[in-house]
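**Q** Here is how the chains run, residue by residue.
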Amino acid sequence: MSKRTFRVWRGDAEGGRFVEYNVEVGPGMVILDALHRIQAEQSPDLAVRWNCKAGKCGSCSMEVNGKPRLSCMTRISDYEPEQIITVQPLKTFPIIRDLVTDVSWNFEQNKRIPPFRPKAPGPDGKLRMWQEDVDRIQEFRKCIECFLCQDVCHVLRDHEKKQNFVGPRFIMRIASLEMHPLDTVDRIPQTLREFGSGWCNITRCCTEVCPEHINITDNAIIPTKERVVDRFYDPVAMLTRKIRGEDPARAREEGKVP
Amino acid sequence: MSDQLVQIGGHGRGFGATTRSDNWWIGPTLTFLGLSAFIVYASWAGMQGAYYWADPYLSPMYAPLLFVDPTAPGSAPVDHAWFGTFPAWWSKLDGLLPGLPKRALSTPAALILIFPATFRLTCYYYRKAYYRSFALTPPACAVEGVRRGKYRGETHLLLFQNLHRFALYFALVFIVILAYDAVVSFFKDGQFGVGVGSIVQTVNAILLAGYTFGCHSFRHLIGGRKNWMTCDGGKASTHHRLWLGCTRLNGRHMLWAWMSLFWVGFTDFYIRMVSMGVITDLNTWD
Ligand code: SF4
Ligand code: SF4
Ligand code: FES
Ligand code: FES
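Chains as they are written, first to last, in my numbering: chain A, 132 to 389; chain B, 793 to 1078.
In short, the hints are calculated from the structure, not lab data. No residue lacks a Cβ here, since even glycine has one placed at the ideal position from N, Cα and C. Be a bit skeptical, because a hint or two may be false.
Stated by the list, open to error - The following label-pair restraints were derived from C-beta to C-beta distances:
hint : chain 1 : residue 1 : chain 2 : residue 2 : range
1    : A       : P366      : B       : F1054     : 29 to 37 Å
2    : A       : P225      : B       : L913      : 36 to 44 Å
3    : B       : L949      : A       : D255      : 49 to 57 Å
Claimed, not checked - Straight line, CA to CA, 25 Å or less: simulated BS3-like cross-link-like pairs of lysine-lysine:
hint : chain 1 : residue 1 : chain 2 : residue 2
4    : A       : K134      : A       : K187
5    : A       : K293      : B       : K894
6    : A       : K198      : A       : K292
7    : B       : K942      : A       : K387
8    : A       : K250      : A       : K187
9    : A       : K250      : B       : K942
10   : B       : K1027     : A       : K250
11   : A       : K257      : B       : K1027
12   : A       : K292      : B       : K942
13   : A       : K257      : A       : K242
14   : B       : K894      : A       : K273
15   : A       : K242      : A       : K292
16   : A       : K387      : A       : K257
17   : B       : K1018     : A       : K257
18   : B       : K1027     : A       : K387
19   : B       : K920      : A       : K198
20   : B       : K1027     : A       : K292
21   : A       : K387      : A       : K250
22   : B       : K1018     : A       : K293
23   : A       : K184      : A       : K273
24   : A       : K198      : A       : K273
25   : B       : K884      : B       : K894
26   : B       : K1018     : A       : K373
So here's chain A without its partners, still in its complex pose:
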């Protein structure tokens, strides 16, 4: 057991300040353990959101020494023994109190995305697909909705373009629906015009912070951007479609996807 100093932000929408706590820490302890010890021994009113303590519920997101992290998965021993550990609430979302922010904006974005609409079943009443068809999409299903990627994305964090861009987590949701072989909704025009795929400049911070190690940028955002290019920026593809009289939105609705 040894003592470590934590600098924890305390306050609400009116304002606040950093408060230092000296905490007894032991081997294997994570940041959330230290916060619980502060609650138990020094400040019972410290607000922290958590649930599973296993990196699976996505509730305990906060910023530790300036980096968006799951506090239940961040070991104290990862920081140099002499270092003071600074703990802050997420920057991108409105504060409720202390380390708890209101992330409901994310749920609102989710609702804007047209959900999965499967095509009509085959003659035997069944819909079939194979594992290879959905391997890509399954990576995205690992998401625990911790919103660390939304927090770190500079479009939302620094430029505050919440009006323009739904953020990496939801471009990824769009990707998983658009790549689905059985889906019949065309979301590409909306992805460009309403969900703001062009606002992302692929600087990859979402991928760097994702605790599930989802390759958000390479596997979801860039492929989605390429689909937007097919539809709106590639003059050759656009001309070819015109000549052949193809309408990708209709084809998709009819369940005819390549």
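Chain A is fixed; fit chain B with the ligands onto it per the hints.
**A** Showing chain B with the ligands alone in chain A's frame:
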């Protein structure tokens, strides 16, 4: 760092504002230096218009040779150029640019460097690299960048980035040309042999292929754009196999990007040094 106005949550505001305590600036600084060094060297080497040929080696910065100026030292023989010697009026243009090297415009490189340059400029990896290290939007994760409130991402001036696939089409042609040049580098006066230069040129073609075939647009075009990875009810498909192969390269796209960038510069440098007589190429011919 600028003055940080501490706000709700203890987060600073303004360029460079961050609570990160690690050396986040090392990455963008190294990228800045690496890319700058390459740009300076490539511009210098490209504008020389000389010492790009050391029989049978040809610098990749000059391939393919469209026109040559046979009077330049270390230049390729005229019959190696697709269209022969530079037209006279072209060579006169050089005089218009005082202060630049003698053959800054009548250099074979001037005609072709634009293609690989555009490919790398619009590459999804390099975009990340220079948006972070040159444009500072943002310099690093959770570090505030510049243009707060004025940032438009790739919705406006940078819309041209969406044409990356067209640069890819040219890059694929260049792979063929550079692979051909690599094969040719094993033959001197019709005689097969091996020199350090042949190996350097071969590695160059391999690294460029690894970079190009791992391209995100390529990955999309050869299979990613499809929703069915199987065909005809669960059968394995060629596009799925191609896509898997490309995905493997794509996972290391940054590494391929840097290795191939460095090696192109090094290949030019090596051939330049041999051509100038500064170093002697070890080979089986002499
Ligand atoms: S890659 Fe795009 S979505 Fe991800 S953090 Fe960067 S700007 Fe945001
Ligand atoms: S994509 Fe990763 S970082 Fe983003 S919400 Fe899901 S798990 Fe969290
Ligand atoms: S408490 Fe569930 S992820 Fe941390
Ligand atoms: S994405 Fe890097 S070369 Fe295309």
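**Q** When the structure is checked against the list of hints, which entries are broken? Sort them ascending.
**A** 4, 5, 7, 8, 9, 13, 14, 20 and 22
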